[in-house]
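Student: The lines below spell out each chain.
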Amino acid sequence: MSAVWIPLANIFGILIAAVLLAALLTWGERRLLGFWQDRPGPNRVGPFGLLQVVADMIKLFFKEDFVPRFADIPVFVLAPTVVMATMLLGFAVIPVAPQIGVIDLNVGLLFFLAMSSIAVYSVMLGGYASNNKYALLGGLRAGAQTVSYEVFMGLSLMGVVMMSGSFNLREIVQAQTEGWFIIPQFVGFLVFFIAGIAESHRLPFDLPEAEHELTAGFHTEYSGMKFGMFFVGEYLSVILISSLITTLFLGGWLGPWLPPVVWFCLKTSFLVMLFILMRAALPRPRYDQLMQFGWKVMLPLALANLLLTGGILLWNQ
Amino acid sequence: MSSAIATSVYRPTAYRAAAEAFIGDLRREYAHEHYWLQPDCLDMPTLWTGQRELLPLLRFLKSSLSQPFAMLYDLTAIDERLRTNRGEREASQPESDFTLVYQLLSVERDLFIRIKVALPESRLSAPSATPIWACANWYEREIWDLFGIEFCGHPHLRRIMMPETWAGHPLRKEHHARATEVDPFSLSADKQRKEQEALLFKPEEWGMARASDSAEFMFLNLGPNHPSVHGVFRVALQLDGEQIIDAVPDIGYHHRGAEKMAERQAWHSYIPYTDRIDYLGGVMNNLPYVLALEQLAGIEVPARAQTIRVMMCELFRISSHLVFYGTFAQDVGQMSPVFYMFVDREKLFGIVEAITGGRMHPAWFRIGGVAQDLPRGWDTMIREFLDYMPARLREYEGMVLKNKLLQRRTRGIGVYDTAEALDWGITGPGLRATGLEWDLRKRRPYSGYDQFDFDIPVYDGGDCFDRCRVRVEEIHQSLRIIRQCVDNMPGGPYKSDHPLTTPPRKERTMQDIETLIQHFVNNSWGPVMPAGETCFPVEATKGLNSYQIISDGGTTAYRTRIRTPSFAHLQMIPLMSRGLLVADLIAILASIDFVMADVDR
Numbered sequence: 001m002s003a004v005w006i007p008l009a010n011i012f013g014i015l016i017a018a019v020l021l022a023a024l025l026t027w028g029e030r031r032l033l034g035f036w037q038d039r040p041g042p043n044r045v046g047p048f049g050l051l052q053v054v055a056d057m058i059k060l061f062f063k064e065d066f067v068p069r070f071a072d073i074p075v076f077v078l079a080p081t082v083v084m085a086t087m088l089l090g091f092a093v094i095p096v097a098p099q100i101g102v103i104d105l106n107v108g109l110l111f112f113l114a115m116s117s118i119a120v121y122s123v124m125l126g127g128y129a130s131n132n133k134y135a136l137l138g139g140l141r142a143g144a145q146t147v148s149y150e151v152f153m154g155l156s157l158m159g160v161v162m163m164s165g166s167f168n169l170r171e172i173v174q175a176q177t178e179g180w181f182i183i184p185q186f187v188g189f190l191v192f193f194i195a196g197i198a199e200s201h202r203l204p205f206d207l208p209e210a211e212h213e214l215t216a217g218f219h220t221e222y223s224g225m226k227f228g229m230f231f232v233g234e235y236l237s238v239i240l241i242s243s244l245i246t247t248l249f250l251g252g253w254l255g256p257w258l259p260p261v262v263w264f265c266l267k268t269s270f271l272v273m274l275f276i277l278m279r280a281a282l283p284r285p286r287y288d289q290l291m292q293f294g295w296k297v298m299l300p301l302a303l304a305n306l307l308l309t310g311g312i313l314l315w316n317q
Numbered sequence: 318m319s320s321a322i323a324t325s326v327y328r329p330t331a332y333r334a335a336a337e338a339f340i341g342d343l344r345r346e347y348a349h350e351h352y353w354l355q356p357d358c359l360d361m362p363t364l365w366t367g368q369r370e371l372l373p374l375l376r377f378l379k380s381s382l383s384q385p386f387a388m389l390y391d392l393t394a395i396d397e398r399l400r401t402n403r404g405e406r407e408a409s410q411p412e413s414d415f416t417l418v419y420q421l422l423s424v425e426r427d428l429f430i431r432i433k434v435a436l437p438e439s440r441l442s443a444p445s446a447t448p449i450w451a452c453a454n455w456y457e458r459e460i461w462d463l464f465g466i467e468f469c470g471h472p473h474l475r476r477i478m479m480p481e482t483w484a485g486h487p488l489r490k491e492h493h494a495r496a497t498e499v500d501p502f503s504l505s506a507d508k509q510r511k512e513q514e515a516l517l518f519k520p521e522e523w524g525m526a527r528a529s530d531s532a533e534f535m536f537l538n539l540g541p542n543h544p545s546v547h548g549v550f551r552v553a554l555q556l557d558g559e560q561i562i563d564a565v566p567d568i569g570y571h572h573r574g575a576e577k578m579a580e581r582q583a584w585h586s587y588i589p590y591t592d593r594i595d596y597l598g599g600v601m602n603n604l605p606y607v608l609a610l611e612q613l614a615g616i617e618v619p620a621r622a623q624t625i626r627v628m629m630c631e632l633f634r635i636s637s638h639l640v641f642y643g644t645f646a647q648d649v650g651q652m653s654p655v656f657y658m659f660v661d662r663e664k665l666f667g668i669v670e671a672i673t674g675g676r677m678h679p680a681w682f683r684i685g686g687v688a689q690d691l692p693r694g695w696d697t698m699i700r701e702f703l704d705y706m707p708a709r710l711r712e713y714e715g716m717v718l719k720n721k722l723l724q725r726r727t728r729g730i731g732v733y734d735t736a737e738a739l740d741w742g743i744t745g746p747g748l749r750a751t752g753l754e755w756d757l758r759k760r761r762p763y764s765g766y767d768q769f770d771f772d773i774p775v776y777d778g779g780d781c782f783d784r785c786r787v788r789v790e791e792i793h794q795s796l797r798i799i800r801q802c803v804d805n806m807p808g809g810p811y812k813s814d815h816p817l818t819t820p821p822r823k824e825r826t827m828q829d830i831e832t833l834i835q836h837f838v839n840n841s842w843g844p845v846m847p848a849g850e851t852c853f854p855v856e857a858t859k860g861l862n863s864y865q866i867i868s869d870g871g872t873t874a875y876r877t878r879i880r881t882p883s884f885a886h887l888q889m890i891p892l893m894s895r896g897l898l899v900a901d902l903i904a905i906l907a908s909i910d911f912v913m914a915d916v917d918r
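Taken in sequence, the protein lines are chains A and B.
Position 308 of the first sequence, counting from 1, maps to 308 under the working numbering, and the rest follow consecutively.
Position 266 of the second sequence, counting from 1, maps to 583 under the working numbering, and the rest follow consecutively.
Since the hints were derived computationally from the structure, they do not count as laboratory data.
Hints are not guaranteed to be accurate.
[Said to hold, decoys possible] Interface residues of chain A toward chain B, partial, derived using beta-carbon atoms under 10 angstroms:
1. Arg39
2. Asp72
3. Leu136
4. Leu140
5. Glu150
6. Trp180
7. Ile183
8. Val187
9. Pro204
10. Arg279
11. Leu282
12. Gln289
[Said to hold, decoys possible] Reference listing, derived: stretches of chain A covered by chain B, where coverage requires no fewer than 3 residues with Cβ under 8 angstroms from a Cβ of chain B:
13. 28 to 38
14. 212 to 222
If you're wondering where the values come from, they're calculated on a predicted model, not measured in any experiment.
We put the beta carbon where it would ideally sit given N, CA and C, even for glycine.
Pulled out of the complex, with its shape left as it was, chain A reads as follows (with noise of 0.2 angstroms):
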């Protein structure tokens, strides 16, 4: 019988978990913001404000469905759900902890760089269908963003790799009981979380939507759930790179005292939250600027960081 309820346990709880804090990120994210910008953020509704996303679910969820004349129907329906879909793939292969977890693939940092590749057509094809020229420019800044970033984001990984002879995500946990992989690759984990704001469109690197040019970019004519779920996409692919910088990084659930899950909770909420502190920080580069800096100084670091690695990988041999 557990041979069918554990993994199923798993399968949903992930789901369920993953799905429940990206709503509720929506709300951690304005109380954030709102307490380093002096002012409250959502207190309104519930105990500090908690069922926001509650309010916020019942509105996208009765906003009428209202798709443009001029869109291309097929295609601006389905844009959306492929974000939804690929980052919650994503997730089934983080190790949570040693007995949680969806599936253990041989190739899991394979498997999370393809899904997070795909993702990318959601923006893509949410700004094309729109036919909306500033959805249009948003569409276009995230086709040329993903190429740019998703070089060195796979390379920069690859360090990681090498040193734990795996691309097993759970093998890469254990291989770092001796010390986190954060130290002898820092700049593997500064490339990595660079790449991983650009990939999930956060400021600073939020130019496919860049409110302040384009309005909102690909995501312009979209509302209600539509809308509601290039959101709640955004907030899961913040949370899968932070739990992904976790695992590769920061030991995944390793840590003292405290279980295994709590650690991988506390470290990825870490990184959530300085995901939301340099949203709260920077100002945004300009779009020329944002590729000169990929091609010419993270792409180079990262092969720097390969070279490096590897050279000292084969001298300890």
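Chain A is fixed; fit chain B onto it per the hints.
Tutor: Just chain B now, kept in the frame of chain A:
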């Protein structure tokens, strides 16, 4: 009744010497005699000239005169047809149904002059000044729109304030001022279709090609509802990818006819309307209006009132600059600073509220002084603010100005030099960011600014970043001025004792009938200002703001012209943004610091 109408009694100011020097230079250097000097308003020399002689005279004043008039400060018109009192030596003034008024500024002479051109109703056309000053473009469109005067040789003479489908020219005297003066509005199907058609975007009408040899352009309609255009402002962008080939600003969405309203509101009751011109400037807007009226009526303002005015104006300058600072950071993507700055602004509004009772639009200055004396304990609040603010400003400097990302976004973006700025009528911080140290508060001090010790911040990059830095420095200087006000606030009355001040004196009304009648009349109709013409520029938050007031000796203005800095500044957008990216345009818009009500009036 006409004998009861006083003519303007204003006294010559300290600038009479500069005016006379100019007239001397003109007589010496200009070989022709094609002008006639209007004898009144001598500290703003006023030359009448003919249509044919206009352009040569303007060209001479701009480039050949020693210490030339580099800036076309303002260009407007007057519908003279109902005017009964045209001032001193009226009989020898040229016959005129409509008068064009060109106002020029020389930063070397610190002098404003007026050139007037008389037009008969039968032939309302004049040569366009656009070949001499490119910035005449919008001014002439505005005159065409509001008065129906044509300009020959204008590249693009279309309506600018009113919708394309509007019938009539609103600032003409026969045009109605209120909707109740005409039949109720109705929208027939035919009319609706016409209105809809007028809204269609045709790039050719905006002077843009649809494609070049190598690329087909995309047209992006930025605004009138867009988060970064600071109000209802529209820019039609011609894009190649994200690169801006051309940007054509479109204004008029915020037009409320403030100048027309001035012709029906009593002198006193127009003060609240001025508040809403630059709605971030608060009482700063009242200042040029009441100063102009005081000049017209010869009212001496007591020292205490002057100092209170300066203090309130500087408080509003800080408040306006804080909004600029925050939104500037926000428009380049930085989310937080605007919240911190609004906290400070809130403190300022607390002070303003304690003193005036209002917050954004106190309408608190009066003809001859201010509305009330300062409340007890006023200085405690201000002192607290003065002690609190510098530390906050230091924090913002680290957060915004020293931020490398922000510097990369704004340095070298939207650059113009001093010559271009003068040519386009740029004033205020936008001019001082090009390295020209020119501030009206120093050059032509008014309201007692000569009594204060402060510096004029200048940077010479002429880009978005320097425009921001100048304003930040100005906040520091304003704090200095306010501290001097608090430390040296003179005693005495807060309002002049002149009979034309409003509301009028009440002390003796119960003793004699004459004073009672005057009090009653001044309160019910408002004061009757002497006939005459004045113009008073002040250094407002965004640049030079002036009210040109023509009184026909009545209870309302015959014509009020509001010259606002933002109008001139927006015209420069195409020049500043060509070849850059959409994101740069947003930074440029933010750095101009405009308010749409200030543009459209």
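Student: Take the hints in turn and mark each one as holding or not.
Tutor: Each hint, compared with the structure:
no.: 1; hint: Arg39; result: 6 angstroms, holds
no.: 2; hint: Asp72; result: 18 angstroms, violated
no.: 3; hint: Leu136; result: 8 angstroms, holds
no.: 4; hint: Leu140; result: 8 angstroms, holds
no.: 5; hint: Glu150; result: 21 angstroms, violated
no.: 6; hint: Trp180; result: 29 angstroms, violated
no.: 7; hint: Ile183; result: 27 angstroms, violated
no.: 8; hint: Val187; result: 20 angstroms, violated
no.: 9; hint: Pro204; result: 6 angstroms, holds
no.: 10; hint: Arg279; result: 6 angstroms, holds
no.: 11; hint: Leu282; result: 6 angstroms, holds
no.: 12; hint: Gln289; result: 6 angstroms, holds
no.: 13; hint: 28 to 38; result: holds (count 4)
no.: 14; hint: 212 to 222; result: holds (count 4)
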